[in-house]
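Whenever a hint applies, use it, and build me the whole structure from the sequences.
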Amino acid sequence: MAKLTKKQKEAHAKIDKSKSYDLAAASSLVKEITNVKFDASVDIAIRLGVDPRKANQMVRGVVTLPHGTGKDVKVLALVTPDKEAEAKEAGADYVGLDEYLQKIKNGWTDVDVIITLPSVMGKLGPLGRILGPRGLMPNPKTGTVTMDVAKAVQEVKAGKIDFKVDKTGIVHAAIGKVSFDAEKIAENAKEILQTVIKLKPTTAKGTYLRSIHISSTMSPAVIVDVKTV
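Per this note's numbering: the sequence shown = residues -2 to 226.
Heads up, a few of these hints could be off.
As the list claims (entries may be wrong) - Okay, derived cross-link-like pairs now, SDA-like style, lysine to any residue, Cα gap no bigger than 25 Å in a straight line:
(1) Lys51 / Ile167
(2) Lys224 / Ala171
(3) Lys34 / Thr2
Keep in mind that the hints were calculated from the coordinates and are not lab data.
Below, the structure is given as structure tokens:
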């Protein structure tokens, strides 16, 4: 096991490993124990009592964080010419169709979200092997396949994110930056937690919210008291 640096030891020492914290205290503590020189991301990990291998226990959804993620989300709008102006005005970083389909085919995936039209989805099918593993394949359930391209782009830019439980039963999501006020981090965390709770599968047995951890880039994780959510 790698040795901890002096700053890492100091960060660990500030966390009481024998207790869990409410969202407000956890958010403040994460800011306090982050010592990197850049504006680190703040992430939440929610362990759920589900079996993701079963289709009827898959937890997936979208949420608009009230204070955004703090990240400049790069959006590619794969649209027909009649929708290009609409996508550009809404703030899409890249707008087009065939030229970008070719770029993706050649391995280009330097975007965070792809928004497209229902009529274009057929052209994206062959690119599933490239887009799927990177979480970039548009999906009607997350609002990224739509006729209202402008609204979709604006929502993503404003802090709308999609999440999906992984194969170990954990939902991971970025909920802000360390430069955010602790209150904003806590409010973003509460928003995604409430959304996840509403999506509890009827087939899930036992405790649904198993554990919640909040951490920043390279910081130790802070345990959130599930009972306070």
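Non-conforming hints, listed in increasing numerical order:
Of the numbered hints, all hold.
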